[in-house]
Each structure stands twice: as structure tokens, then as C-alpha cells.
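Asker: In case you want the letters, here they are:
2 protein chains.
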Amino acid sequence: MAGLVECVPNVSEGRRPEVVRGFAHVVAAVPGVRLLDTTSDPDHNRSVLTFAGEAAAVESAALALVAAAYREIDMRSHRGEHPRLGAVDVVPFVPLSGSTMEECVAIARRVGKAIAAAHDVPVYYYAKAATTPERARLPDIRKPQYEGLQSLMATTHAPDEGPASVHPTHGAIVVGARPPLIAFNIELDTADVKIAKRIAKAIRESAGGLPAVQAMGFELTSPPRAQVSMNLLDHSVTSLAAVWREVESRASAAGVQVLRGELIGLAPLEAMLEVARASLRLDGLARTQIIEGHFIE
Amino acid sequence: MAGLVECVPNVSEGRRPEVVRGFAHVVAAVPGVRLLDTTSDPDHNRSVLTFAGEAAAVESAALALVAAAYREIDMRSHRGEHPRLGAVDVVPFVPLSGSTMEECVAIARRVGKAIAAAHDVPVYYYAKAATTPERARLPDIRKPQYEGLQSLMATTHAPDEGPASVHPTHGAIVVGARPPLIAFNIELDTADVKIAKRIAKAIRESAGGLPAVQAMGFELTSPPRAQVSMNLLDHSVTSLAAVWREVESRASAAGVQVLRGELIGLAPLEAMLEVARASLRLDGLARTQIIEGHFIE
Numbered sequence: 007m008a009g010l011v012e013c014v015p016n017v018s019e020g021r022r023p024e025v026v027r028g029f030a031h032v033v034a035a036v037p038g039v040r041l042l043d044t045t046s047d048p049d050h051n052r053s054v055l056t057f058a059g060e061a062a063a064v065e066s067a068a069l070a071l072v073a074a075a076y077r078e079i080d081m082r083s084h085r086g087e088h089p090r091l092g093a094v095d096v097v098p099f100v101p102l103s104g105s106t107m108e109e110c111v112a113i114a115r116r117v118g119k120a121i122a123a124a125h126d127v128p129v130y131y132y133a134k135a136a137t138t139p140e141r142a143r144l145p146d147i148r149k150p151q152y153e154g155l156q157s158l159m160a161t162t163h164a165p166d167e168g169p170a171s172v173h174p175t176h177g178a179i180v181v182g183a184r185p186p187l188i189a190f191n192i193e194l195d196t197a198d199v200k201i202a203k204r205i206a207k208a209i210r211e212s213a214g215g216l217p218a219v220q221a222m223g224f225e226l227t228s229p230p231r232a233q234v235s236m237n238l239l240d241h242s243v244t245s246l247a248a249v250w251r252e253v254e255s256r257a258s259a260a261g262v263q264v265l266r267g268e269l270i271g272l273a274p275l276e277a278m279l280e281v282a283r284a285s286l287r288l289d290g291l292a293r294t295q296i297i298e299g300h301f302i303e
Numbered sequence: 007m008a009g010l011v012e013c014v015p016n017v018s019e020g021r022r023p024e025v026v027r028g029f030a031h032v033v034a035a036v037p038g039v040r041l042l043d044t045t046s047d048p049d050h051n052r053s054v055l056t057f058a059g060e061a062a063a064v065e066s067a068a069l070a071l072v073a074a075a076y077r078e079i080d081m082r083s084h085r086g087e088h089p090r091l092g093a094v095d096v097v098p099f100v101p102l103s104g105s106t107m108e109e110c111v112a113i114a115r116r117v118g119k120a121i122a123a124a125h126d127v128p129v130y131y132y133a134k135a136a137t138t139p140e141r142a143r144l145p146d147i148r149k150p151q152y153e154g155l156q157s158l159m160a161t162t163h164a165p166d167e168g169p170a171s172v173h174p175t176h177g178a179i180v181v182g183a184r185p186p187l188i189a190f191n192i193e194l195d196t197a198d199v200k201i202a203k204r205i206a207k208a209i210r211e212s213a214g215g216l217p218a219v220q221a222m223g224f225e226l227t228s229p230p231r232a233q234v235s236m237n238l239l240d241h242s243v244t245s246l247a248a249v250w251r252e253v254e255s256r257a258s259a260a261g262v263q264v265l266r267g268e269l270i271g272l273a274p275l276e277a278m279l280e281v282a283r284a285s286l287r288l289d290g291l292a293r294t295q296i297i298e299g300h301f302i303e
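Line by line, the protein sequences give chains D and W.
Counting the first sequence from 1 gives a position; the working numbering is that position plus 6.
Counting the second sequence from 1 gives a position; the working numbering is that position plus 6.
Just chain D, with the same shape it has in the complex:
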């Protein structure tokens, strides 16, 4: 069994469905790659493709997608609400079953070099593939956006690969490696959104809460209910079981029950094994103890 790698590129096109479908076809046509999701946002004028497979196949698909996006997107005329540096804005590689973060960093570096060489585009490495601590966070790299990047090329934004000049139609690109992101919500048995907001504030990392957790409080309608909406940025640091426990105990202290969890999109198998380890105190539970784990390829 070879290791699986996920790739979640964000491309600066969310208004021409036929173009985005073309990108999806380019990815899905690579043998060994499965396209798991494509989501477009017209306001952001941006699409996110999620695909996975063995490392070499995912690497090929990422490069094929970049080439296709560079043929179709012209940054000189791109408008959208979401910050971006280029036609392909960010390309994260994510380790899944059987692969490691180190492997994904190596993939990111190979893909970054290949993009710089093939397309004459400045490349920035971020997250676990960052070359300096200042480049770990994507928003910091992306702050000047496509329009303001050239003026910083000689100072804060010297590229990690490629030329020190923004490509007129492609812009620049950010490539990196990060853990899988899990979007997980917990619904509370109350319509009082203030309770959800208070819990969210208490548990989010930025306010000194749980590490690698982003959280917001939302109000759901029909029926009216408060929801704690979370991103787990590294489930090996703070797991689904850990946020559930924390939200449940804080809700309970406010006299409110938790109603249900909701997983948005996909989660890696390892995150589910963590839940079983926590609930059944199965410390040593390994992926090889899951029958289907032997057939992941």
C-alpha cells in the first residue's frame, strides 16, 4: 500500500462554471487521482478543488491543473472579494493514510520548483513547507495581493523560487504542506446565539483556547438554534473528541445541552480512529486493525 496525499488548490475563477469544469476534468483525467470535491464561489470569484491519490499522481495532477489555470485565467482582469496573489492562489499538500508531512513538504518543494521553471512565476512556500517563520501563515504572505506584490518583491516578498517579478497574467503562487483541515460544527439546544459565541471565543486558539482550533458562534434558523462552528487545523493537536468534550462541558456549565455534531465535507480516517481511541480507550488502535485499511491505495 502506497501512501495517500491530498491536494486542495484554490484557483482564481469562480464565475465561469464551464472553465471550472474544465479544471476538474484535467485533474480527474490523471490516472490514480480521485477528484473528491469542487466548490465555486462567484462572489469570491474562486474555486477550491479537492483531490487525492498516491503522491506521484497527485503531483502530476497539481501541475496539470496549474498549467490549465494559467491558460484560462488572466489576473489583469480578475476581480473578487477573496484575497489572492495569482491565477492559482494556493496549493496545499496534505498527508493522509500512509504518508507523512515530510513527504508533503518534499512534494511542495518539487512542485514549486517545477512551476517556477515551467511558467516563470514567483513561488512562496507556506505552512509546514515555509522557509522562514514569517512565511508560515498564508494571510501574511497574501497580504499585498496580486496588485501590491511587485512593490514588495525586493524586500519582504522575495520569492522562494522563480523570478522576482510578478507574472502579468499568472501572478504569483503559494505552495505548501499542512495537516488536513476538519470543519466540524456542534449544535446547541438553545436559540441563544450569545452562548455559542461565548463558547467559540473561549475555545479558539487566537483567544488562548485550544491549539489549532478556529471557532465562531452562529445562529441557525428553522429551528432557531445556536451553533459552534469550528475548523480543526491539526487534529493531531486538538482532536474531534477534544473539541466535543470542551464544547459539551462549557455548554453544560451554561445549562445547555449539546444536540449533535456535524461534519462539513470530508475528514481523514485517522481523525475517526482518534475518536475510537478516545471513546473506547483503545490507545494502541492502528489503521492496520481496520480491515478496509488494507485496501486503501
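Because the hints were derived from the structure by calculation, they are not lab data.
Quick caveat: nothing in here was measured; it's all calculated off a predicted structure.
Just to be clear, a hint being listed does not mean it is correct.
Given that identical chains are not distinguished, each listed pair holds provided it fits within a single copy or across any two copies.
[As the list claims (entries may be wrong)] With a straight-line Cα cutoff of 25 angstroms, these simulated SDA-like cross-link-like pairs (lysine to any residue) come out:
1. Lys119 to Val243
2. Lys119 to Asn16
3. Lys203 to Gly261
4. Lys207 to Arg287
5. Lys200 to Arg287
6. Lys203 to Asn237
7. Lys134 to Asp240
8. Lys203 to Ala259
9. Lys203 to Arg287
10. Lys149 to Glu211
11. Lys203 to Val54
Keeping the supplied structure of chain D fixed, place chain W upon it in accordance with the hints.
Answerer: Structure of chain W alone, referenced to chain D:
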């Protein structure tokens, strides 16, 4: 993605390791089949092979194993503590991700017919593949054993397929379909085995406890601890989470903490998803929400 099927044949040879290795090679040589485990017991003079793959591959491997076992084992000289009817005693087919019990019943029937035709051996269908309620339970079918079967062939033990006479060297065979069996233990924070035995008795189905659960209380040494040892015969009826809850609450009523769970051997992915559904109240959690679930083939 095609569905996965598991097969767990029990063969009447546990004393000649080189012969059992030969059986393992026969199975592993079938393309698309993965041999997950081979366990031999010399006292029982019996081995259990566990393998899985797509239905057609697993069917071929089961037939190849039966042919190999019939070449090597002579029931006229077989001795062992474990009850058995033939050189290949029982062949259960088990639905995993993407396959159904109905498909496994159909496989069992196809394999049963093929064995009867190729080897002139009487075949009995059991568990979900049984043709009458009296044949649902394996011990009932196996009771007369190889030595006593011929005398019942005209009455209670008319075969479902094949001749009404026990094959002199192969004996008879039981083929069927059943849910995956999960062997799961819970260790208690006490050395008092009486508490484990009492809990086991209360939760086992045979004493009116949890359906599809077998349970025993054991005493572990170094350190001395009581353990509730369980087989979950159908985790869709009584799940890992349900037995954990039940044992924990009964232990707690006896003033004892549960220390940890232990999974013996393998469990299907679906059983882990059930744990996540129960712990995080993720009612709708589907296999397709597990990234790796898209790569099971």
C-alpha cells in the same frame, strides 16, 4: 469502487506449519485478494485464514483454498479438540464496505454448489445463508462431527448440496454468510474477576443481555486485573459504543472504573464510524465522508 468481501475459512490442519503456509500462499496468489491473517492452533489441529478483496477474487481464493486443503488433509486420521465436519470445516463470507449480506449469501450459495460439484462433498448452508432456521447456528450443524455425520444424513443432516454421503477424506463442509465478528475486551480497574464474570453474565445474549453479544469474565495477570472479554456477532445490532456504555455503567454500579478497551484482530471501518456517530452524535456520518473511503478497492 467495488464492494469488499471478507472470507474466514477454518481448515482442519494446525500442526503442520509448512502445509498451512502452503494454504496461505494459495490464497495470497489470487490477484486482488489480501491475506490479512493466518492463525493455527495445534491443540485444535485447526487454522483460520482471514482474507478479503472484491467478491469475485474472494470467491476464487476460497475455492482454491478448498481444493488445496482437500489435497493435503485426510479426515480419516484427523484428531483435534475442536469440533469439525471436514477438512475445510466452515467457510463464512462477510460483507465489508460496499457489499451487502445478500451478496454474501449469493456467494456462499455459488461456492457451495461449486464445491459439491467439484469435490463430491456434502454442503450445509449456515447463518444468513441457512435454508432452514435449524441450520442458522453452526454448533447445531456440527454436533455429530465428522465421525457421526453419516448416520444422520438421511434424517436431520440431509445436505443442502452434494451427495448424501460423507466424503471419506474431505468429510463435509459448512458454507455461509454472516456479519463481521468483532473481538473486544474491556479491562476493569480491579483484580476481582467475580465482577468481570458478573458483568459478562449480565450482558451476554444467552442470559437475556445485549443481542448478538457473547461475553466471558477473565482474570489477567501482571498486573492482576479483571477483564470482560466479548464477541460482537453483529455490530449493527449491538455496537462497540453500546457494549462500552453497558460495561462502564455496570462496573460503575459495582464501584469499579473501566481502564481500557482492547480490539483483538481486525474490525470493519463501519464499526469505527458507529463509534464516531455515537460519540459526536454524527447521525448522518457516511463512509464517503472519510477521505480514504474513496480509495478502498
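Asker: Indicate, hint by hint, whether the structure satisfies it.
Answerer: Status of the hints after comparison with the structure:
1. Taking the shortest Cα distances, Lys119 and Val243 never come within 25 angstroms of each other, neither inside one copy (30 angstroms) nor across copies (54 angstroms).
2. For the identical chains of this complex, Lys119 and Asn16 are intra-copy neighbours only, at 19 angstroms inside a copy versus 55 angstroms across copies, given an alpha-carbon limit of 25 angstroms.
3. In this homomeric assembly, Lys203 and Gly261 come within 25 angstroms of each other (Cα to Cα) only inside a single copy, at 15 angstroms, whereas the closest approach across copies is 39 angstroms.
4. In this homomeric assembly, Lys207 and Arg287 come within 25 angstroms of each other (Cα to Cα) only across copies, at 23 angstroms, whereas the closest approach inside a single copy is 29 angstroms.
5. Proximity of Lys200 to Arg287 under the C-alpha cut-off of 25 angstroms is restricted to the inter-copy arrangement: shortest distance 23 angstroms between copies versus 34 angstroms within a copy.
6. Proximity of Lys203 and Asn237 under a CA criterion of 25 angstroms is satisfied intra-copy only: 15 angstroms inside one chain copy versus 44 angstroms between copies.
7. In this assembly of identical chains, the alpha carbons of Lys134 and Asp240 lie at most 25 angstroms apart only when taken from the same copy (12 angstroms versus 43 angstroms across copies).
8. In this assembly of identical chains, the alpha carbons of Lys203 and Ala259 lie at most 25 angstroms apart only when taken from the same copy (15 angstroms versus 38 angstroms across copies).
9. With identical chains, the CA atoms of Lys203 and Arg287 are at most 25 angstroms apart between copies only, with a shortest distance of 21 angstroms across copies and 31 angstroms within one.
10. In this assembly of identical chains, Lys149 and Glu211 lie within 25 angstroms of each other by CA distance solely inside one copy; the values are 21 angstroms within and 63 angstroms between copies.
11. Proximity of Lys203 and Val54 under a CA criterion of 25 angstroms is satisfied in neither setting, with 28 angstroms inside one chain copy and 55 angstroms between copies.
In this structure, the earlier hints numbered 1 and 11 are contradicted, and the remaining ones agree with it.
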